[in-house]
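Q: Let's have the full structure, built from the sequences with the hints guiding it.
Protein chains in written order, with this note's numbering: chain A, 13 to 501; chain B, 18 to 185.
Heads up, a few of these hints could be off.
[Claimed, not checked] Here are the simulated lysine-lysine pairs, DSSO-like style, with alpha carbons at most 30 Å apart:
#1 A:K323 <-> A:K398
#2 B:K28 <-> A:K29
#3 A:K470 <-> A:K412
#4 A:K158 <-> A:K304
#5 B:K106 <-> A:K29
#6 A:K29 <-> A:K279
To be clear, the hints were calculated from the coordinates, so they are not data collected in a lab.
Residues per chain are reported as follows:
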Amino acid sequence: MSLMRHEDERLITGAGKFTADWNLENQCHMAVLRSPHAHARVLKIDTAGAMQAEGVLLVLTAADITAARFNSIPSGPPIKGVDDQVIRKGEMPVLAIDRVRFTGQPVAVVIAESAVLASDACDLIEVDYDPLPAVVGAESAAMSDKPQLHPAVEQNKALTFESGSREAVDQAFNTAAKTASITIRSQRLYGAPLEPKAVLANYDEPRGMTMVYTPTQGVLGMQAALSAVTGIPTDELEIVSQDVGGSFGLRGGAGPEHALVILAARKLDRPVKWVAGRSELFSGEWHGRALKLEASIALDVNDHIVAMRYKDTVDLGAYNCYFGGFIGTNNLSVTMGGAYRVPALYMRSELMLTNTAPISAYRGAGRPDIAFAVERLIDHAAAEHKLDPVEFRRKNFIDKEDFPYTTANGTVYDCGDFHTVLDKALALADYESFESRNDVSKAAGKIRGIGVGYYVEKSGAGAAPKDQVSCRRWCVSPACGHRSFRSGA
Amino acid sequence: MKSVTFQVNAKSVTVDVEPRALLVDVLRDQLGLTGTHVGCDTSQCGCCTVKMNGSAIKSCTTLAVQAEGASIDTIESLANGDQLHPVQKAFSECHGLQCGFCTPGMIMATVELLEQSPIPTTEEIREGLAGNLCRCTGYVNIERAVRSAATALRFEREQAAKKQGESV
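A: Pasting the structure below:
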């Protein structure tokens, strides 16, 4: 018998506690009204009909957020680009103030005695929109006929980032014996953890604590982000996420709904619960990827790599969110040379704002994307110049003796034995016998293929807060700041 | 409001529901059976799978009023006290779950699958669970769990038959 996980028993018997499974006495329910437009002016919001509807307790619009002195959703650190330019930001308000910038952006919320009544009352809110032309597609976002999304972001260009040496790479390409180029599109997607996003908040008066039940992959990151939005000190915010139905990067930080539930619970002095429907999350939760990488490689006469160059177009969506800026900068550039000795490296990324859902982390957040681009580039160059894809890789691997190895753009790889790993992988795949197996398949009218890929990845986000167990005066339970991972996060 | 009477996990219940109320919401919110989950609202993910009159159904697209007179079994009914059902045991032993959100639906769908196909082929397993999504495991261990449960259930049946033979 294999070793059983101690959490399995509750999960296989239906006794797990995901956020929607928590119910607090006297709780009421929130529903979110979202923008049906990609880009529009909000001229007027009439909540009178909703306020009079059955079971309705409260309706919140942007004016209530301003009155509560809540801040906008965290937009990430001040990443620097070319000429020390700091990233220009469009910060996402908790509720749209006078403009909506993506379909699915929260515009108002209703809190009622039941989830159904809250949802019904949302239909009674009248919003007067004046639709505007929308910017869709990062490549054309800077064109002169496109509207500017945010006052502080001219031509919708948030940042031009570069890494490595353009001069060294240009020189290497000018004198190269062979070159090859390929364009990789890493398509926009919605990560869709199976547990719908949910928040339950309650003000625990005797303890002076705001309790927030929500699925997250990082309790301390969530706590810090919610503190930044609401102004509640972190030591008065307790995050509970006992069972989490997947996160995949999306659930690392606060969204507008967390702040709204907290504000509603304060105003009503009752627990408030919000459980999203799947369809509203497809447009209303963070998206992932949305990258275009134009990659080139230069070789000398002996097929040694002399340079790699990348031109990236990075869609940030309508607002900078806490992780979006890392993807097109640090996470794409840090391992842009892959597992190879590359004397000259250069990457230039354009981070653009468009009228689409904001982009945040999803499963590696740029790192799988660059690994894919590197390996496709290697295979493409091998195919174009009739090189054996395995021998070409071997010839250019960073050798075991070269570690610690500093890449041309300054990343230190501490150790590695790429040849041995590749040997093992090829043996496991029975690579040598592929051709004969392929002949058999061909004779049977079937198609057989084989591919080689090798990647290195920088794990961890570096500057992100670390989860840790902390024992405090008022609480020594693991709920304070500890999470153990069970999901495919 | 409409009064509906049905059996849940072998107990008779009568609840007042709105005509539009979904069976899953009544199970979770009115009867406190939160082991049945809602993942998509649209019958895609299968997290809400329960058994109704012996057949696996998706309770997120079944109206509560449709359950009138029916017999409903949820994940909470499967274990017999501390004694786990062979399908539950197999999911844990074969690591057929990670986050566990899809698991109650997967298990309920598997129970029905193995009632209909006691020795399922790989194709039958895949078809039987086609209406249940998992975002963590990649399904390999779920298939293993189903096969392992099939073996365990067969062994149970054989033991029971043997015992019956002995007593006769």
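Q: Looking at the structure, which of the earlier hints fail to hold?
A: none
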